[in-house]
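Hey, can you work out the whole structure from these sequences and the hints?
Each chain, letter by letter, is given below.
2 protein chains.
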Amino acid sequence: MRILVAGGDGFCGWPTALYFSERGHEVAIVDNMIRRQWDEELGSNSLTPIYSMEDRINAWEDKSGKAMKLYEGDLTEYEFVHSFMQDFKPEAFIHYAEQRSAPYSMIDREHAVFTQMNNVVGTLNVLYAIKEIVPDCHLIKLGTMGEYGTPNIDIEEGYIKIEHNGREDVLPYPKQPFSFYHLSKVHDSHNIMFTCKSWGIRATDLNQGVVYGLWTDETKLDEKLYNRVDYDGVFGTALNRFCIQAAVGHDLTVYGKGGQTRAFLDIRDTLQCVELATLNPADRGEFRVFNQFTEQFSVLELAERVKRVAEEQLGLTVNIAHLENPRVEKEQHYYKAVNSNLVDLGLKPHFLSDELIADLIKTAQRYQDRVKTSVIAPSTTWR
Amino acid sequence: MRILVAGGDGFCGWPTALYFSERGHEVAIVDNMIRRQWDEELGSNSLTPIYSMEDRINAWEDKSGKAMKLYEGDLTEYEFVHSFMQDFKPEAFIHYAEQRSAPYSMIDREHAVFTQMNNVVGTLNVLYAIKEIVPDCHLIKLGTMGEYGTPNIDIEEGYIKIEHNGREDVLPYPKQPFSFYHLSKVHDSHNIMFTCKSWGIRATDLNQGVVYGLWTDETKLDEKLYNRVDYDGVFGTALNRFCIQAAVGHDLTVYGKGGQTRAFLDIRDTLQCVELATLNPADRGEFRVFNQFTEQFSVLELAERVKRVAEEQLGLTVNIAHLENPRVEKEQHYYKAVNSNLVDLGLKPHFLSDELIADLIKTAQRYQDRVKTSVIAPSTTWR
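In order, the protein sequence lines correspond to chains P and H. My numbering puts the last residue of the first sequence at 418; the count rises by one with no breaks. My numbering puts the last residue of the second sequence at 418; the count rises by one with no breaks.
Everything labelled a hint here was simulated from the structure, so no lab data went into it. You can take every hint at face value.
Below are the DSS-like pairs computed for lysine-lysine, each with C-alpha atoms no more than 25 Å apart in a straight line:
id	chain 1	residue 1	chain 2	residue 2
1	H	K166	P	K365
2	H	K232	P	K371
3	P	K232	H	K292
4	P	K196	H	K365
Among the chain H residues that face chain P by a calculated CB cut under 10 Å, a handful are:
id	residue
5	Y113
6	L159
7	N187
8	H222
Built from N, CA and C at the ideal position, the CB exists for glycine as well.
Structure, rendered in structure tokens:
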């Protein structure tokens, strides 16, 4: 299958591209390499050393004998989108190419506007290009579980049947996003749903949980293929950040009480889920929503688990610090989300294990000289 | 009260500015005059002659002895927004300053992107400026009933209580917008709701129906104060367009079966509703949603009513044409929307009367030399 991975330089995109290439698909990467510029802007970096895209693609060809195409440019420029779509004519368009950090979107007005424009216009351009050039192409769009917020009822997958005053309908699940970033994904979802209905686009919206882990079968083959991993207060996410904090002797930074419950998954399951969606495409005109996660944890639970593993298995001393919460969010709430669509398609989850946590901490120890402790604390407040 | 009317050159904005000025409020208008440029772009015009903003404001001062301030510029430019907010320090910000035509947003990719960027970024800038400069200012934002689409259950005002698997919550009402324009309003609503929660913004989202009519007590005082009224396939809306078509002997253009039911209101009620919202502001942190309409009609019902009034009262011959529907929408559907919030605040509706229809047709006859019949047919298709 001709599979295009937009955002193929990123934490999820790079291993996805390798995964599909390894399995014999024809893979092209689209990226504007902006994630590397954000590191510059924020003075942060990946825990692991990462190579240039050219080095990565060459290393992969050396290892596997498989070539991947690269289209370097920005989805917000339609001429660029039009030209690579015309050239590659993808059958599946896997769309990770968005600014994906909530704190980054909350830095200030410029970052909020940038995030929404970048994400929404990029996706609009992709939709128009599919309509014009490859109307049968399946759009697999990464959304986020954060679109739903924390409602006091179960979170269904994209839609909910509502009975009201003696009538009923199945309607889009109400959204209560947490940040300008999460809002941008809600805007995308509404735009995509509309084009499925109006133009017959086929789309799958993958509302992904927080991704942890680092290694996949392909990225660990060679240092040049290593995946990036973030630990800073802006791009670092809960579990990975805690493991790296434990490794370098930094307090585990829990925001507020830590009762915030979120959905999580192993990066290997990200690849598995995206593959399941790709190999089982949505119908023409169908807007399909899958909740892409395997387990739920509260932030405090994760911190306590990392502390236990670090102390018991690695002999480290770990302290959990409850920082004043920089975000506006409930710190104790009901949370129960459904994730049966991907399981029904055959997802075999890698549940969180102590081994994975220990391995992540050891990786962080190996690269601890690269860690800049000054960027770990949250620097952005919601208020 | 210091009241700012953004979009004060438009069909709703101009009469709103006069209405508040007449009632002794301190009024400032913000507009970039782009609505007049869209007429140029589309080769269309207002049925009624409209004067320049300078002439309008001077004529109003001559008639009433009341001055209005004008800030000319674009809400997507933050320096401009910052400067007029700093200068005027509004207590109420009435926000009409958006691209408000569904067909315009569907012309092509550029118009879709323009509509979403213009509307979403403008509103983000207003939210940031309120937060920075006048945190107590009440944002009164014009949304649209079209945000809800046509669900098979009653449409509530912004929120709905959902019982699900033995639990319940009051959640944002699910949105199924019809066009990239309607989508832009949904994006706005989500962004505003988030800032109410996170920053304590006070906001009222007025989900307005289709506005008909033309004259208000103030706009009819002098030709220089006349309001614009649109009859073309892009900016013209159902009832007004039918009256003008009847006047010039054009078929009434019903799209498809005409069973599409929508919510409507008289422009005099737009002013009354906006006044009620302004004089009864939302609390800090409250995101209040009012459905702003007085009656529901199907498009075919309205066409038949215009035909009857035109034939019986004015002796015209009127034909109703069912055009192939350029839009993707249900032509027969359930529709029942709640509008009690504004009624509870004291709204006294002007229900649709045969007199108003006859008067609109007579106005159109008076200006029939201005009508360009070539712009009446729908020129944009959804597919």
